[in-house]
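Asker: Below are the chains, spelled out letter by letter.
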Amino acid sequence: MNTLTVAGSLAAPPFQPPDIDYGLLLPMLVVFTAGVLAVLVEAFAPREVRRSFQVGLSLLAVGAAFGLTLVQAASPQLPETGGILVAGGTVAVDRPTLFLQAVILLLSFVSLLLIAERRVGDGSFAAEAAAVPGSEEERQGILAGREHSEVYPLVLFAVLGMLLFPAANDLLTMFIALEVLSMPLYLLCGLARRRRLLSQEAAVKYFLLGAFSSAFFLFGIAMIYGYAGSVRLSAIADAAAAAGGGEVLLLLGIALIAVGLLFKIGAVPFHNWKPDVYQGAPTPITAFMASVTLVSAFGAMLRVFYVAFGAMAWDWRPMIWVVAILTMVVGAVVAVTQTNVKRLLAYSSVVHAGFILTALAATSAQGLGASLFYLAVYGFSTIGAFAIVTLVRDSQGEAVRLDQWRGLARRSPLLALSFALFLLGFAGIPLTSGFIAKFAVFEAALAAGGTPLVVVGVLSSAVTAFFYARIIVVMFFTGADEPAEEPGSGAAVAESAHAQEAAGGVSVRTRPAPAVTEAAPQVEVVKPGLLSQAVIAIGAAATLVLGVVPQPVLDLATQAAQHLFVR
Amino acid sequence: MSAIPWLTIAIVLPLIGSVVVAAMPSSGAERAKQVTLAFSVLVLAVVAAMALQFSPGGPRFQFEEVYPWIPAFGISYAVGVDGIALLLILLSALLVPLVVLAGWNEVDASTSKYSTKTYFALILVLEAMMIAVFAATDVFLFYVVFEAMLIPVYFMIGGFGTGRRRYAAIKFLLYSLFGGLLMLVAVIGLYVAAGQQGEATFLWEPLAAMAADIDPATARWLFLGFFIAFAIKAPLWPVHTWLPSAAESARPGTAVLLVGVLDKVGTFGMLRFCLELFPEASRWAAWPIVILALISILYGAVVAIGQTDMMRLVAYTSVSHFGFIVLGVFAFTTQGHAGAALYMVNHGLSTGALFLIVGFLMLRRTERSQLIGDYTGVGRTAPLLAGTFLVAGLASLSLPGLSPFVSEFLVFMGTFTRYPVIAIIAALGVILAALYILWLYQRTMTGPRPEGAAPFADLSPRELLAVGPLVALLVLLGLFPQPMLDVVNPAVESTLEQVGATDPAPEVPAAAEEGTSE
Numbered sequence: 001m002n003t004l005t006v007a008g009s010l011a012a013p014p015f016q017p018p019d020i021d022y023g024l025l026l027p028m029l030v031v032f033t034a035g036v037l038a039v040l041v042e043a044f045a046p047r048e049v050r051r052s053f054q055v056g057l058s059l060l061a062v063g064a065a066f067g068l069t070l071v072q073a074a075s076p077q078l079p080e081t082g083g084i085l086v087a088g089g090t091v092a093v094d095r096p097t098l099f100l101q102a103v104i105l106l107l108s109f110v111s112l113l114l115i116a117e118r119r120v121g122d123g124s125f126a127a128e129a130a131a132v133p134g135s136e137e138e139r140q141g142i143l144a145g146r147e148h149s150e151v152y153p154l155v156l157f158a159v160l161g162m163l164l165f166p167a168a169n170d171l172l173t174m175f176i177a178l179e180v181l182s183m184p185l186y187l188l189c190g191l192a193r194r195r196r197l198l199s200q201e202a203a204v205k206y207f208l209l210g211a212f213s214s215a216f217f218l219f220g221i222a223m224i225y226g227y228a229g230s231v232r233l234s235a236i237a238d239a240a241a242a243a244g245g246g247e248v249l250l251l252l253g254i255a256l257i258a259v260g261l262l263f264k265i266g267a268v269p270f271h272n273w274k275p276d277v278y279q280g281a282p283t284p285i286t287a288f289m290a291s292v293t294l295v296s297a298f299g300a301m302l303r304v305f306y307v308a309f310g311a312m313a314w315d316w317r318p319m320i321w322v323v324a325i326l327t328m329v330v331g332a333v334v335a336v337t338q339t340n341v342k343r344l345l346a347y348s349s350v351v352h353a354g355f356i357l358t359a360l361a362a363t364s365a366q367g368l369g370a371s372l373f374y375l376a377v378y379g380f381s382t383i384g385a386f387a388i389v390t391l392v393r394d395s396q397g398e399a400v401r402l403d404q405w406r407g408l409a410r411r412s413p414l415l416a417l418s419f420a421l422f423l424l425g426f427a428g429i430p431l432t433s434g435f436i437a438k439f440a441v442f443e444a445a446l447a448a449g450g451t452p453l454v455v456v457g458v459l460s461s462a463v464t465a466f467f468y469a470r471i472i473v474v475m476f477f478t479g480a481d482e483p484a485e486e487p488g489s490g491a492a493v494a495e496s497a498h499a500q501e502a503a504g505g506v507s508v509r510t511r512p513a514p515a516v517t518e519a520a521p522q523v524e525v526v527k528p529g530l531l532s533q534a535v536i537a538i539g540a541a542a543t544l545v546l547g548v549v550p551q552p553v554l555d556l557a558t559q560a561a562q563h564l565f566v567r
Numbered sequence: 001m002s003a004i005p006w007l008t009i010a011i012v013l014p015l016i017g018s019v020v021v022a023a024m025p026s027s028g029a030e031r032a033k034q035v036t037l038a039f040s041v042l043v044l045a046v047v048a049a050m051a052l053q054f055s056p057g058g059p060r061f062q063f064e065e066v067y068p069w070i071p072a073f074g075i076s077y078a079v080g081v082d083g084i085a086l087l088l089i090l091l092s093a094l095l096v097p098l099v100v101l102a103g104w105n106e107v108d109a110s111t112s113k114y115s116t117k118t119y120f121a122l123i124l125v126l127e128a129m130m131i132a133v134f135a136a137t138d139v140f141l142f143y144v145v146f147e148a149m150l151i152p153v154y155f156m157i158g159g160f161g162t163g164r165r166r167y168a169a170i171k172f173l174l175y176s177l178f179g180g181l182l183m184l185v186a187v188i189g190l191y192v193a194a195g196q197q198g199e200a201t202f203l204w205e206p207l208a209a210m211a212a213d214i215d216p217a218t219a220r221w222l223f224l225g226f227f228i229a230f231a232i233k234a235p236l237w238p239v240h241t242w243l244p245s246a247a248e249s250a251r252p253g254t255a256v257l258l259v260g261v262l263d264k265v266g267t268f269g270m271l272r273f274c275l276e277l278f279p280e281a282s283r284w285a286a287w288p289i290v291i292l293a294l295i296s297i298l299y300g301a302v303v304a305i306g307q308t309d310m311m312r313l314v315a316y317t318s319v320s321h322f323g324f325i326v327l328g329v330f331a332f333t334t335q336g337h338a339g340a341a342l343y344m345v346n347h348g349l350s351t352g353a354l355f356l357i358v359g360f361l362m363l364r365r366t367e368r369s370q371l372i373g374d375y376t377g378v379g380r381t382a383p384l385l386a387g388t389f390l391v392a393g394l395a396s397l398s399l400p401g402l403s404p405f406v407s408e409f410l411v412f413m414g415t416f417t418r419y420p421v422i423a424i425i426a427a428l429g430v431i432l433a434a435l436y437i438l439w440l441y442q443r444t445m446t447g448p449r450p451e452g453a454a455p456f457a458d459l460s461p462r463e464l465l466a467v468g469p470l471v472a473l474l475v476l477l478g479l480f481p482q483p484m485l486d487v488v489n490p491a492v493e494s495t496l497e498q499v500g501a502t503d504p505a506p507e508v509p510a511a512a513e514e515g516t517s518e
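Line by line, the protein sequences give chains G and L. Going by full-length UniProt numbering, the letters in the first sequence line up with residues 1 to 567, in that order. Going by full-length UniProt numbering, the letters in the second sequence line up with residues 1 to 518, in that order.
None of these hints come from the bench; they were simulated from the model. C-beta: ideal position from N, C-alpha, C; glycine also. Certain hints may be false.
[Stated by the list, open to error] Examples of chain L residues toward chain G, derived with CB under 7 Å:
no., residue
1, A72
2, E147
3, A148
4, G158
5, L181
[What the hints assert, rightly or not] Derived contacts from chain L toward chain G, CB cut-off under 7 Å, selection only:
no., residue
6, Y67
7, I70
8, V144
9, R166
10, I170
11, L173
12, L177
13, V185
14, I188
15, V192
[Unchecked claim] If you want the ones that stay clear, here's a sample from chain L, every Cβ over 12 Å from chain G, calculated:
no., residue
16, A38
17, F61
18, D374
19, Q482
Turn these sequences into a full structure, and let the hints steer you where they fit.
Answerer: Structure follows, in structure tokens:
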């Protein structure tokens, strides 16, 4: 303590605490406070009320933060053409950031609904995460109907990190945000209630690879600091502009930072964690990662590349081109061979990251606006799709093998129709939000001279359309007329479908408990609880409405992006 | 133009109908069919009322409506028709009620695991899209409908078809989607190019006005993007292979709409978009395309002769006929274009009738065989069936006196003035057409009645009502083609003007002048 003060007084003028405008940080502070409170609730509230407390608290916090973000966006304090730097310039509040934060909070809210769902298979989270899978202790926990409610504070802290990540205006703050968002996610991945070994494996994989990529990121920061003498994004931009670029340190720094960020968004060749982690993690957490984390990571990436390295676009654009092309092609081609629905959605998420990268490479306001719009619409469809994955189950939990989805359309037409809608959205079929989003990014890329990118993008769209169409075929056109492939259940399925048609209802119905004792596990569609229903409805509505009348949201994204990030 | 938004009504009405049909209880299939029929007849009435108000001497696009849709990208909801589009919309509106009538018993619980009403709801959705695609005067709106049309057809084939329907449905989807995505690149590229010319828009008219100013190299690439999509849709050899599979596995009613109307979007698109938006590129690409068209004509005809499946046979004849249409389009003469435009309508009528009658034939066999070898001597017990089949078949081979003859003759004349050698070789297609049609007729309709088999029932009044109007129109328009020509000609002339706008001296000046002066 003494030495520190002495050293401080010798080296520099007395430490001036930065003037912090807490009002502008309020959304993040609300989420942070709620997270801390949630930890206290976990410690002191009795087990019976804990969960309801946590759910209410986290939904309230995220909702309030969303409201505050809207207030900020509308407040006259925010200049029309720029933004405000807060906390000594480490955090930026500008229009693209507010758009991203609003999207993050909205998507988090929807994800939280899915996370809180308990009607489907007793929830998705482990009863006793610390118990060895298959042990007596675990069995006791399940019998007692327990569930880890630590999930909620963890999610809140992750949301905090995700809010800070795209807002961070210097590389060190950004690194801290990265860690704050990643650590809870590593834990959450390992908390699946079923297939726990797979889940724990996913968590370890994600942690090891994530730590590795964080190290790259940190090393990149060191290089950049060595070059520019500052970690502030604007200072880096100034240094790069003054020197004309090209220095080895700077280029190395850009490359290393890019590795760290590309890992988070799952671009090829840093995508290998995605299928494993998406498959192993509890599905609500997968939905959370696939939507909210992607938004946040892309937000940070956009900021770094537009603000700090904007002047160096000619140097890094070839790299982003190569990565984008690889991401689209590899993701699409590998996805074709997948037979697991969650892995397939993971690869689809890889491909989509590639599409957004084409707009990033445009380095224009148009590209930024297109990316913002894309991130928003993709997030909603993704959460909806994963919500449906939680509903198709067999005795061992979720039935994720594609062949188990056979003939789903006849058992639950509404469910199959919603999933088909999400898939059509991912495939970018007109009149869905995915099409408008793809149109926006490709248009931005084309206007910026990225014709080859767009051609590759469109061709990979065709490939992805193939595997989306294949799922639709499996759900709609396969089934009762292939009794050999689905022993035993064919007749029962047809029977129930007929019963349903006779009843005239198109609602999702629980199949009557099968009396057949087959060796093959029976796949059934669980009746979704109110929360899952809401999640699916929100996702489907967003996919459809933003496909038909995208103008309002498109306007928001374009206006937000008009003046780029504040420097 | 007009206070009443005719086109929007014609687009929205079937959509409402489809929602109504879809909302009906599954048990009342009969009621669902009646409602579908009522809505489609209503649409036909609306379209017919609109057509009566169309003035051939008036502005090129009539009944125009323009509303901003996504201003951020310069996208509008813009509809309007010229003569060609009007005829194709009429054709669509006419074919739908006939298909509903003809397909009354085509789909039931035994043929599909989905409820019957779904099929009819899909038909109405498709009708709305067919009208919208021909009416769209905004390139983006056209593209959106062009792609969205795939979805109802995909489900109609995949969910209600026969045989290898899943394979056929996905093949159809992938082919079309691939073409559509190439077109998407071109659509975006066109928008960017228009932005460089000053006005970033998707509206057809300003785009056509600035067509000559787009950088030629860019225009050629954009042309190719559009053309490949349309060639797949049309379908032109060598990207035709999805059509026989789709037609084979589709219900005859689906096949009528698929081949009779949907494929016309391809040739219509070539006329409206390829030629007028990229005139220079169209002339640049004319030769290779004419050769491809020629190959399509001959290849389709030869392969049709060898078919054993009636649905496939009719599909291949269409490949041949589409070759004629493309030939007419890329001949760049008045007769060629007018012939091509008329051909689209006439082909819809004749092929529609053929598919419907083949469908009737199939329904008379309990196992619904599509194989030619399973039928013989049908005409002995079912003279009406055989008679209408013969008329439709003769129309398909362009017998003088029936309407396809007029269009085929015009196409030949128009092509001959510019590419005499090509026209002469293409004429072989007519001889082959006689072979495939007459041989098909001979094998199925004539000959002894199979022993021990139950006699074929003749056409029921409902079936006659479905196919009768088509046969009547084939005869009527064959004898009096002038009204149709009057409607089509202004559009044709302005297209030619647009194509020739940058090239006042055509390759064969004498022939072209002769063409336009007539």
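Asker: Next step is simple, just say for each hint if it's right about the structure.
Answerer: For each hint, the structure was consulted:
1. A72: 5 Å, holds
2. E147: Constraint on E147/L satisfied, holds at 5 Å.
3. A148: 5 Å, holds
4. G158: Result: holds, 5 Å to nearest chain G Cβ.
5. L181: 4 Å, holds
6. Y67: Check failed: Cβ of Y67/L comes no nearer than 12 Å to chain G, outside 7 Å.
7. I70: Interface hint status for I70/L: holds (5 Å vs cutoff 7 Å).
8. V144: 4 Å, holds
9. R166: Cβ of R166/L sits 5 Å from chain G, so the hint holds.
10. I170: It holds, given that the least Cβ distance between I170/L and chain G is near 6 Å, below 7 Å.
11. L173: This interface hint holds because 6 Å falls under the 7 Å limit.
12. L177: Hint on L177/L: holds, closest Cβ of chain G at ~5 Å, below 7 Å.
13. V185: The hint holds - V185/L has a Cβ within 7 Å of chain G, the shortest such distance being about 5 Å.
14. I188: 5 Å, holds
15. V192: The hint holds - V192/L has a Cβ within 7 Å of chain G, the shortest such distance being about 5 Å.
16. A38: Per Cβ check, A38/L is outside 12 Å of chain G; nearest 22 Å; holds.
17. F61: 23 Å, holds
18. D374: 23 Å, holds
19. Q482: Given that every Cβ of chain G is farther than 12 Å from that of Q482/L, nearest at about 39 Å, it holds.
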